[in-house]
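Just so you know, the protein sequences line up as chains A and B, in that order. According to the numbering used here, the first sequence is numbered sequentially starting from 1. According to the numbering used here, the second sequence is numbered sequentially starting from 1.
Calculated from the structure, these hints are not laboratory results. Be a bit skeptical, because a hint or two may be false.
Stated by the list, open to error - Anything over 10 Å on all C-beta distances counts as not near chain A; from chain B, calculated:
(1) Gly9
(2) Phe28
(3) Ala118
Claimed, not checked - Pairs of lysine-lysine, DSSO-like flavour, derived with a Cα cap of 30 Å:
(4) A:Lys176 x B:Lys133
(5) B:Lys183 x A:Lys52
(6) A:Lys176 x A:Lys233
(7) A:Lys132 x B:Lys170
(8) B:Lys133 x A:Lys132
(9) B:Lys81 x A:Lys20
(10) B:Lys170 x A:Lys34
(11) B:Lys183 x A:Lys283
(12) B:Lys143 x A:Lys34
(13) B:Lys218 x A:Lys281
(14) B:Lys69 x A:Lys281
Unchecked claim - Chain A regions said to be covered by chain B (calculated; three or more residues, Cβ under 8 Å):
(15) 120 to 129
(16) 148 to 162
(17) 176 to 185
C-beta: ideal position from N, C-alpha, C; glycine also.
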Amino acid sequence: MTYANPNVLVEVDWLKNNLKTPGIRIVEVDYDPKLAYEQGHIPGAVLIDWRKDMNNPQERDIIDAEGFQKLMSRLGISNDSRVILYGDYNNWFATFAFWVFTLYNHQNVQILNGGRKKWIDSGGELTTEVPKVQPTTYVVQKINLEQRVFLQDLLKLKAANPSLALVDVRSPAEFKGEITAPPEYPDEHAQRGGHIPGAVNIPWGQAVREDGTFKSAEELRQLYQSKNVTPDKTVVTYCRIGERASHTWFVLKHLLGYPDVRVYDGSWTEWGNLVRFPIVKEK
Amino acid sequence: MQYDCQLPGDRLYHVGRDIWFQPAGGRFYRVGVTQPLCLMAGYFTTVRPRPVNTFIRRDTPIALIVSRKYEGALITPADVKIVGINESVLENPRIVCIDPYGSGWLAEVEIQEDPGAAGLVESSRAETLYREKNQRNGIVCLKVVPDYSRKIFGESCNMILTEIGDFMEKYVGRGETLHVITKDPVTEPDLLNMATTHGYQIVDLGRAGDLIHVIFRKS
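When you get a sec, could you build the whole thing from the sequences and use the hints?
Have a look at this one:
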């Protein structure tokens, strides 16, 4: 069994031999660039600072189409560029960026399998030099909203679709309601701990191996099907603020080829702050 | 509290790469990470040096180093050959930041070029460069590397102390430490009282500018 869409991944060895191939733009996606990109990145890679570049600075939302166009222009990315995204911690934030790229219908975007960890572990070169890029003109031609759900959509889906597979990809401690955020990110809290009724807990990190690369298609299929997350269902993934959910969305949608997978990026910091909304808390 | 971290005088440093080279005779050196990197990254959970006898070009990794908030590399500023690795840090990566200049060394290397040409400098020069770098990165030189770090500000002293207490209760395990960066209206006596009341040990307490830095240990 192979991945449904193997073209969404590139391997470290391939990238080492193609750093200077024309038409490729390598992008590191970081939560904290001081601890990653600024310490050393793949030669030629430009930076997406997840907090500043991927999110609307005022409202709680991802960047809009105009913001995405400006970002692509600044990073030297054209509509036909081949974009290779990578980052730390098993491509946690890189897959969120992948989700945003596909939301704005960028056609040629891939993830570096294993991300920073695999690159470093295999002795890949790192530089602190920031590349100079030529700004481009980028036009968003279509928005693929079907890969995203807002709260009202989720409520409708839950009401109309009893077989909806709702996947909570946070840690077991967050799922049970023992904590409301991982200790490294404690400022992004909800008022209450627990999970959405009907959700199953499949922590996002279970989809990757120790070296940061994705598990085989067969291992992934077993992981999700053992919790009744099957391709015949509409699947909604959520976490705390939507970034880990996009990692599982990537796995289900692109590596396993599930036809209908969506990210509820409002996630726990929305649901867990709502007044009189049901919460399951385990003891 | 100050920006001058420990930089022993018996070795060379590359401040941009946060690496030290301690002479071990001829072209051989022992290498490890500097204290400021530990303060920024926290305790490592994985340390994986490249194998012995590997030739490593400058600007490429000698080792993968991973903490709870850092997935990075110890990068060599010079061409080197690895001649030995510290097996004990593979089993217990925490040692690296407990004793970064002693038992926490990572590898022994044979340098293939002139250290000066590779940008390695003596500790006095490294101190100046680190002072600038630490100020830029907001690194304050603490007595120990904390397990957790939090900025906690608030309208009232009680609000700040409650938040510290909640974090210590929920996240900090026995023997672990929490570094809190805070400021008025909480004061040093408030923090000392809180430690006494809850049975926490204060490992470090001081001011840098208008900010108070305190490290609590849960005993």
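Cross-check of the supplied hints:
1. The Cβ of Gly9 of chain B lies farther than 10 Å from every Cβ of chain A, with a closest approach of about 25 Å, so its non-interface assignment holds.
2. Phe28 of chain B, annotated as away from the interface, keeps every beta carbon of chain A farther than 10 Å; the closest lies near 21 Å.
3. At roughly 15 Å from the closest C-beta of chain A, the C-beta of Ala118 of chain B stays outside 10 Å, upholding its exclusion from the interface.
4. At most 30 Å may separate the alpha-carbon atoms for a hinted pair to count; Lys176 of chain A and Lys133 of chain B exceed this at roughly 42 Å.
5. Using a Cα cut-off of 30 Å, the hinted pair Lys183 of chain B and Lys52 of chain A holds, with the two alpha carbons roughly 26 Å apart.
6. With a C-alpha separation of about 25 Å, the suggested pair Lys176 of chain A and Lys233 of chain A falls inside the 30 Å cut-off, and the hint holds.
7. Between Lys132 of chain A and Lys170 of chain B, the direct Cα distance comes to roughly 45 Å. Violation of the 30 Å bound is thereby established for this hinted pair.
8. Under the criterion of a C-alpha separation no larger than 30 Å, the hint pairing Lys133 of chain B with Lys132 of chain A is consistent with the structure, at around 24 Å.
9. Between Lys81 of chain B and Lys20 of chain A the CA atoms are separated by roughly 27 Å; this keeps the pair inside 30 Å, and the hint holds.
10. Restraint check for Lys170 of chain B and Lys34 of chain A: the C-alpha separation of about 27 Å stays at or below 30 Å, so the hint holds.
11. A C-alpha spacing of about 37 Å is found between Lys183 of chain B and Lys283 of chain A, which places the hinted pair above 30 Å, so the restraint is violated.
12. A hinted pair counts as satisfied when its Cα atoms are at most 30 Å apart, and Lys143 of chain B with Lys34 of chain A qualifies at roughly 22 Å.
13. Restraint check for Lys218 of chain B and Lys281 of chain A: satisfied, since their Cα atoms lie roughly 27 Å apart, inside the 30 Å limit.
14. Of the pairs offered as hints, the one joining Lys69 of chain B and Lys281 of chain A holds, with about 28 Å between alpha carbons and a cut-off of 30 Å not exceeded.
15. Under the rule that three or more residues need a Cβ within less than 8 Å of chain B, the assignment of the stretch 120 to 129 of chain A holds, with 8 such residues.
16. Restraint check on the stretch 148 to 162 of chain A versus chain B: 0 residues with Cβ-Cβ distances below 8 Å, three needed, restraint violated.
17. Figure legend: the stretch 176 to 185 of chain A, annotated as covered by chain B; annotation consistent (4 residues with Cβ-Cβ distances under 8 Å, at least 3 required).
In summary, the numbered hints that this structure violates are 4, 7, 11, 16.
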